[in-house]
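A.B. asks: Letter by letter, the chains look like this.
Protein chains: 4
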Amino acid sequence: MPLVALIPEPNAPVELREVPAPELEKNSALFNVEFSEVCGTDVYLQRGLLTGVPYPLVPGHVSVGRLSKIRGTLVDIEGREFREGDRVTFLDVHRTCHQCWYCLVAKATTRCPKRKVYGITYGLDDGLCGGWAEQIYLKPGTLCLRLDADAETFMAGGCALPTALHAIERADIAIGDTVLVLGSGPVGISGIILALMRGALKVFCIGAPAPRLEAASEAGADAVLNFEDHNLGERLEWVRERTGGRGADVTIEATGAPDAVVEAMRFTRDAGRVVVVGQYTDHGETSFNPHLDLNRKHLDVRGCWGSDFSHFHRAVQIVSDPLKSKAWASLKSRLARYSLAKANEALTAVAQGRVLKALIDPGQR
Amino acid sequence: MPLVALIPEPNAPVELREVPAPELEKNSALFNVEFSEVCGTDVYLQRGLLTGVPYPLVPGHVSVGRLSKIRGTLVDIEGREFREGDRVTFLDVHRTCHQCWYCLVAKATTRCPKRKVYGITYGLDDGLCGGWAEQIYLKPGTLCLRLDADAETFMAGGCALPTALHAIERADIAIGDTVLVLGSGPVGISGIILALMRGALKVFCIGAPAPRLEAASEAGADAVLNFEDHNLGERLEWVRERTGGRGADVTIEATGAPDAVVEAMRFTRDAGRVVVVGQYTDHGETSFNPHLDLNRKHLDVRGCWGSDFSHFHRAVQIVSDPLKSKAWASLKSRLARYSLAKANEALTAVAQGRVLKALIDPGQR
Amino acid sequence: MPLVALIPEPNAPVELREVPAPELEKNSALFNVEFSEVCGTDVYLQRGLLTGVPYPLVPGHVSVGRLSKIRGTLVDIEGREFREGDRVTFLDVHRTCHQCWYCLVAKATTRCPKRKVYGITYGLDDGLCGGWAEQIYLKPGTLCLRLDADAETFMAGGCALPTALHAIERADIAIGDTVLVLGSGPVGISGIILALMRGALKVFCIGAPAPRLEAASEAGADAVLNFEDHNLGERLEWVRERTGGRGADVTIEATGAPDAVVEAMRFTRDAGRVVVVGQYTDHGETSFNPHLDLNRKHLDVRGCWGSDFSHFHRAVQIVSDPLKSKAWASLKSRLARYSLAKANEALTAVAQGRVLKALIDPGQR
Amino acid sequence: MPLVALIPEPNAPVELREVPAPELEKNSALFNVEFSEVCGTDVYLQRGLLTGVPYPLVPGHVSVGRLSKIRGTLVDIEGREFREGDRVTFLDVHRTCHQCWYCLVAKATTRCPKRKVYGITYGLDDGLCGGWAEQIYLKPGTLCLRLDADAETFMAGGCALPTALHAIERADIAIGDTVLVLGSGPVGISGIILALMRGALKVFCIGAPAPRLEAASEAGADAVLNFEDHNLGERLEWVRERTGGRGADVTIEATGAPDAVVEAMRFTRDAGRVVVVGQYTDHGETSFNPHLDLNRKHLDVRGCWGSDFSHFHRAVQIVSDPLKSKAWASLKSRLARYSLAKANEALTAVAQGRVLKALIDPGQR
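These protein sequence lines are chains G, Y, A and E, in that order.
So my numbering is basically just the index in the first sequence, starting at one, shifted up by 43.
So my numbering is basically just the index in the second sequence, starting at one, shifted up by 43.
So my numbering is basically just the index in the third sequence, starting at one, shifted up by 43.
So my numbering is basically just the index in the fourth sequence, starting at one, shifted up by 43.
Derived by calculation from the structure, the hints in this document are not laboratory data.
Do not take every clue at face value.
[Said to hold, decoys possible] Straight line, CA to CA, 30 angstroms or less: simulated DSS-like cross-link-like pairs of lysine-lysine:
(1) G:LYS369 with A:LYS150
(2) E:LYS112 with Y:LYS157
(3) E:LYS369 with Y:LYS157
(4) A:LYS375 with A:LYS385
(5) A:LYS159 with A:LYS69
(6) Y:LYS150 with E:LYS157
(7) A:LYS157 with G:LYS150
[As the list claims (entries may be wrong)] So the derived label-pair ranges between C-beta atoms look like this:
(8) A:GLU127 with E:ARG283: 42 to 52 angstroms
(9) E:ASP215 with A:PRO97: 30 to 40 angstroms
(10) Y:LEU279 with A:THR391: 52 to 62 angstroms
(11) G:LYS150 with Y:LEU279: 20 to 30 angstroms
(12) Y:ARG130 with E:ARG138: 27 to 37 angstroms
(13) E:PRO97 with Y:ARG130: 50 to 60 angstroms
(14) E:GLU66 with A:SER330: 22 to 32 angstroms
(15) Y:GLY122 with E:THR94: 17 to 27 angstroms
(16) G:LYS375 with Y:ASP325: 44 to 54 angstroms
(17) E:GLU66 with Y:ASN387: 49 to 59 angstroms
(18) A:HIS273 with G:LYS150: 34 to 44 angstroms
(19) A:THR391 with Y:ARG130: 55 to 65 angstroms
(20) G:GLU277 with E:PRO97: 31 to 41 angstroms
(21) E:ASP215 with G:GLU52: 43 to 53 angstroms
Just so you know, even glycine gets a beta-carbon here, dropped at the ideal spot from N, CA and C.
Start from the sequences, fold in the hints, and give me the full structure.
C.D. replies: The following block contains the structure:
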């Protein structure tokens with residue numbers, strides 16, 4: 044009976060539980076978890092801040108491990124069959140339907156109403172569907188990807204990497220652009236690395252706390268500013284000084300704070316682009332001036348929700364490449380590993396920003 | 044000595060004045076005004092709501108008339124020389140520098156800090172630079188366009204038409220899309236016509252007052268709703284009923300009211316586009332929810348400032364075409380003509396939305 | 044036993060045959076054919092010019108009819124269940140896999156190697172999978188669309204309409220553009236109508252024979268030229284005279300003749316766009332000058348293959364709309380109906396361009 | 044009297060000549076040449092292969108040097124005034140008119156018919172307008188850029204860098220893409236570096252001769268193939284082996300050989316992009332199959348002509364950045380310097396591909 048760590052209900056602590064091993068349907072598989080992730084979304088889950096979440100729930104949406112059992116056939120996007128023992132990861136999003144208006148007409152598959160997410164919208168009643176567990180049940184249709192990369196390097200990107208890839212795709216960075224990243228959590232850090240990988244000349248980061256800003260610098264940010272030590276006017280001045288007085292060409296908002304969205308608009312030059320990728324739960328309203336902040340600036344403000352297989356695929360490509368993976372490899376020292384039994388501690392560390400990212404390591408006792 | 048109607052200072056009534064005839068520099072011209080326009084911007088000018096405006100000022104940025112005198116050479120974009128007596132209009136924006144960072148690197152010429160606008164940022168001290176006058180002095184470098192269209196049909200579009208063309212360009216309408224236009228002033232009405240011209244299947248309009256909504260219907264809106272008679276919840280319901288419960292594919296905000304920007308976000312379907320083209324002066328702040336209104340919706344919100352020569356050129360093409368001009372031709376009955384002496388009445392009529400558009404007709408006594 | 048008209052092998056005449064009624068799998072349906080289409084692809088099929096086609100084959104990829112029997116559940120993209128008796132059409136492309144590299148990474152679903160097309164790559168061995176038949180078996184996963192439009196208006200667009208919609212989507216037409224359509228077959232004619240629907244100011248067409256050029260004029264082309272009566276120099280001159288000497292902003296190639304692709308490049312202005320949508324089978328090579336025809340012109344040349352559900356969906360929206368469908372409704376007089384027994388005559392008429400489009404009407408005896 | 048090296052007429056050897064020092068118009072400057080470039084275009088010029096070129100002509104379109112004399116005011120795009128003694132480079136393209144249809148409506152300024160290019164379409168009769176000279180006369184309106192970079196690093200990119208930047212901009216490379224560069228001359232080499240800078244995962248290069256392929260490897264190409272040692276079938280096989288059997292996502296053609304354009308199409312995966320940037324003079328026709336090479340492939344083929352100020356500006360940004368400039372800095376050893384007197388030798392070395400790039404160094408005796 045595999046062991047899982049689950050959130051029994053909103054605001055309750057994580058509990059360990061043994062659950063029955065699943066019976067495999069045709070073309071499904073069992074996945075032995077090597078690492079799963081603890082991210083900001085998991086903090087929200089524990090606090091009951093996301094809608095449409097079925098409790099009890101085993102969190103952990105991005106994981107790396109091995110296929111321990113396959114029933115039927117499981118193939119990758121090249122049509123190559125997986126075998127038991129293969130090291131893989133899998134797209135946490137399942138059941139994108141490819142049959143609804145959002146999938147087929149709007150081609151906005153991250154807004155497909157049928158999609159389910161392992162560890163978020165699949166609860167325990169749906170089966171072994173979260174990564175804080177010894178095993179995950181990969182239902183038929185789950186999209187697996189072979190992973191040759193170092194497991195911890197992959198997890199240093201984790202779910203933040205495809206999210207940031209989507210944001211960068213939406214950001215239309217040109218070679219030579221100046222990019223400002225608001226937020227120094229995992230999405231912000233991957234955003235910094237990817238903005239540079241896209242040809243940005245300078246990347247700046249405003250965030251907190253100090254250790255995360257160190258990580259931002261290490262990731263390649265040309266300058267960082269601690270949000271907590273400077274008021275809005277100072278922050279604006281700091282950005283302008285570094286951007287010819289105009290503001291950044293592109294700002295990536297990855298903070299979680301509603302006000303940061305408006306600041307992103309103010310920190311960006313006229314006719315620039317703002318990508319909003321940090322507002323994954325409802326933290327309330329904020330106020331802005333449509334004339335000054337948007338219309339007269341001729342600004343583009345782009346919400347960016349979720350990610351699709353292409354982002355996950357590119358994330359795996361990047362972390363599997365000796366050169367391109369370097370920035371994430373160097374973040375490995377900032378990961379903290381926790382056993383299933385210490386999942387509550389992991390959540391606390393993430394909530395406080397004490398670690399860049401916490402990993403659940405079910406093999407650890 | 045040509046007669047002009049000018050705003051001596053903010054909040055003062057318009058006055059008539061005779062001013063000396065200009066001396067023509069090389070490659071400049073004198074333009075006899077047939078009609079000039081009274082638009083919402085002129086109301087703002089009179090109330091002192093725009094920044095960077097030099098008073099005293101002769102308003103009137105879009106005009107139609109004849110070249111009465113040319114000194115040197117004046118050519119159109121095809122290189123064909125203009126002759127005295129030609130019926131023309133001209134791009135109100137002058138001195139886009141094509142030498143600064145905004146012009147050459149960002150390629151955002153409507154944000155060029157050097158640009159001057161006849162009737163708005165050129166004041167009386169700059170010469171005969173507004174259309175509420177018997178004559179306009181076309182400085183060297185002013186871009187003129189031959190106008191074969193009926194003068195009033197052209198003015199039924201007026202400055203709103205290039206503005207709306209720019210907004211429609213930013214809106215990425217696909218054939219079959221549902222478009223919602225907020226605002227039933229001149230920009231909104233031209234937006235309705237252009238959205239249909241772009242292949243929208245259905246166009247809806249929320250605006251006020253009733254006569255302008257009639258114009259919206261006449262312009263092709265499938266349904267209109269009076270903003271003043273329905274609260275936000277009702278308006279949202281009205282939109283959803285007409286859009287499969289999802290909201291419009293594209294919303295064009297053309298109202299002037301800050302709250303309308305947020306409503307536009309709420310009235311638009313996930314992964315849709317909002318173009319903000321109605322916030323031409325500072326009417327204060329508004330508040331929104333970045334999670335619900337932007338990020339989770341995967342929404343694009345696009346400010347749209349000013350217009351450039353391409354929009355003006357296309358506006359002239361459209362109103363000169365027998366078929367494409369029809370919708371504006373049918374709006375001619377909604378124009379009201381005023382003599383220079385009655386410019387104050389014209390402003391009042393526009394401010395109150397009593398007419399769709401007021402024209403200054405300097406030939407009228 | 045439903046009657047079908049089938050091509051037994053390449054270059055053999057079409058034969059009538061009775062085939063056993065299919066057994067319905069779960070979530071499949073039986074479709075009673077009202078009309079099916081005879082298009083250029085069917086001529087290629089009969090001549091054995093397409094690769095990957097399994098003979099014997101029942102042609103007919105776009106059809107309209109009624110669901111006579113449903114086993115299990117069949118829903119539209121809004122999630123509304125279909126009922127027996129509903130008038131529908133269906134996307135001829137089946138089994139786009141949404142699991143391969145082309146579907147998920149390149150997002151080029153029309154290049155998915157798994158896709159099958161009713162009436163083209165599904166042969167008789169795959170079941171009742173072509174429209175030249177009394178019935179079609181709609182396999183599970185077939186995407187159906189409710190059709191409220193007049194059946195013949197829909198068929199006047201037929202398979203050419205989604206094809207042309209895809210081409211127009213790739214063409215990036217701006218309001219005011221001049222569009223040149225090469226070819227006056229069904230794709231060309233729908234291309235003319237759609238270019239105008241997209242805001243093109245002028246649309247020109249070069250094609251043949253005369254009756255199809257009449258149809259082009261009726262569809263809205265401002266001027267047409269008979270390809271057979273003018274040599275290349277004359278055709279080029281004809282285009283330049285109508286485009287300020289520069290060439291068209293956009294050229295849609297919809298001819299089937301390799302040389303037309305190069306002519307399209309020459310007929311287009313510098314920095315314009317050429318969409319190649321007429322080369323659906325291999326008619327050999329053609330020769331061009333990469334310096335003069337492409338690089339110096341800063342030209343975009345865009346191949347356009349197949350169509351996806353979004354194009355089909357929009358096609359149905361358009362022909363169901365009272366205003367937008369008018370151009371196709373007026374083409375109905377140019378349709379010729381044939382019974383199943385007269386399918387060979389239908390093919391000949393299409394091959395010779397004697398009719399704009401031939402319909403197979405299985406109800407006709 | 045400044046010394047220049049000039050081509051007296053097509054196919055004649057370069058000659059030295061002393062010419063009178065220019066008189067400076069208002070807002071013009073004199074530029075002391077530090078280095079000017081010898082590129083493939085200069086070889087074409089000497090052979091009379093370009094149209095619209097006025098002989099006698101001083102070649103050399105991209106140069107670096109110092110402003111030795113300024114009459115009036117010269118400002119950069121930030122509005123900062125230049126001073127005598129400043130190290131600068133300047134955009135070789137002059138007189139883009141910003142008043143014609145191509146500039147203002149098509150927004151395709153590299154196709155402006157009024158533009159003149161120093162060292163190419165400005166001949167000796169136009170003044171001291173080429174870089175193979177001790178001095179260049181910078182006419183009013185010439186766009187200068189401050190250059191803090193190492194002069195030779197800048198010249199290692201030279202005119203190829205903005206050209207390649209334009210091509211990369213047109214290529215729409217996504218992070219993780221595989222890019223194939225055809226040609227290992229300066230444009231190809233800069234294309235390799237920039238493709239990587241844009242996030243390409245793998246870049247391959249097919250070119251010749253061997254020393255240039257070494258440069259390609261040094262610049263970051265993952266694998267290179269000598270064009271001369273492998274036939275088309277082998278080259279195709281080589282590409283497919285490295286691209287999952289599909290072909291490259293993006294191919295940049297930078298060869299000068301017409302056949303390479305068709306090969307580029309064949310080496311690219313379905314729904315990929317080909318940028319044609321190597322066909323700067325007329326080397327005749329080539330032949331392709333529109334069905335197999337373009338339409339069925341759903342391919343985008345994009346001609347790319349010239350470059351504009353934005354590309355030049357970004358080129359200067361890149362070579363001025365300590366990290367981003369590294370790849371070009373490491374190419375410095377592959378530059379060969381020639382005195383004005385040895386310009387003919389420089390041309391021969393470039394024509395034979397013996398050097399990556401030759402520089403004219405007027406200070407060398």
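A.B. asks: Within a Cα-Cα threshold of 30 angstroms, do LYS159 of chain A and LYS69 of chain A meet the stated pairing?
C.D. replies: OK: LYS159 of chain A and LYS69 of chain A at ~19 angstroms, within 30 angstroms.
A.B. asks: Go ahead and decide if the range 22 to 32 angstroms is satisfied by the Cβ distance of GLU66 of chain E to SER330 of chain A.
C.D. replies: 51 angstroms, violated
A.B. asks: Quick check on a hinted range of 31 to 41 angstroms for GLU277 of chain G and PRO97 of chain E, using CB atoms only.
C.D. replies: With Cβ atoms ~57 angstroms apart, the hint is violated.
A.B. asks: Hint says 43 to 53 angstroms; check whether the CB-CB distance for ASP215 of chain E and GLU52 of chain G agrees.
C.D. replies: Given range 43 to 53 angstroms: holds, Cβ gap about 47 angstroms.
A.B. asks: Hint check: LYS112 of chain E vs LYS157 of chain Y, CA-CA at most 30 angstroms. Holds or violated?
C.D. replies: Satisfied, since the Cα-Cα distance of roughly 27 angstroms is no more than 30 angstroms.
A.B. asks: Taking 34 to 44 angstroms as the hint, is the beta-carbon distance of HIS273 of chain A and LYS150 of chain G inside that range?
C.D. replies: 42 angstroms, holds
A.B. asks: Look at the Cβ atoms of LYS150 of chain G and LEU279 of chain Y and judge whether their distance stays inside 20 to 30 angstroms.
C.D. replies: 25 angstroms, holds
A.B. asks: Within 30 to 40 angstroms or not, the Cβ separation of ASP215 of chain E and PRO97 of chain A?
C.D. replies: 37 angstroms, holds
A.B. asks: LYS150 of chain Y and LYS157 of chain E: Cα distance at most 30 angstroms?
C.D. replies: 20 angstroms, holds
A.B. asks: Against the range 52 to 62 angstroms, how does the distance between the Cβ atoms of LEU279 of chain Y and THR391 of chain A compare: consistent or not?
C.D. replies: Once the Cβ atoms are compared, 57 angstroms apart, the range 52 to 62 angstroms for THR391 of chain A and LEU279 of chain Y holds.
A.B. asks: Holds or violated: 42 to 52 angstroms for the Cβ distance of GLU127 of chain A and ARG283 of chain E?
C.D. replies: For ARG283 of chain E against GLU127 of chain A, whose Cβ atoms are near 49 angstroms apart, the range 42 to 52 angstroms holds.
A.B. asks: Lying within 44 to 54 angstroms: is that true of the beta-carbon distance LYS375 of chain G to ASP325 of chain Y?
C.D. replies: Holds - the Cβ-Cβ distance for LYS375 of chain G and ASP325 of chain Y, about 49 angstroms, lies within 44 to 54 angstroms.
Hints 3, 13, 14, 20 from the earlier list are contradicted by this structure; the remaining hints agree with it.
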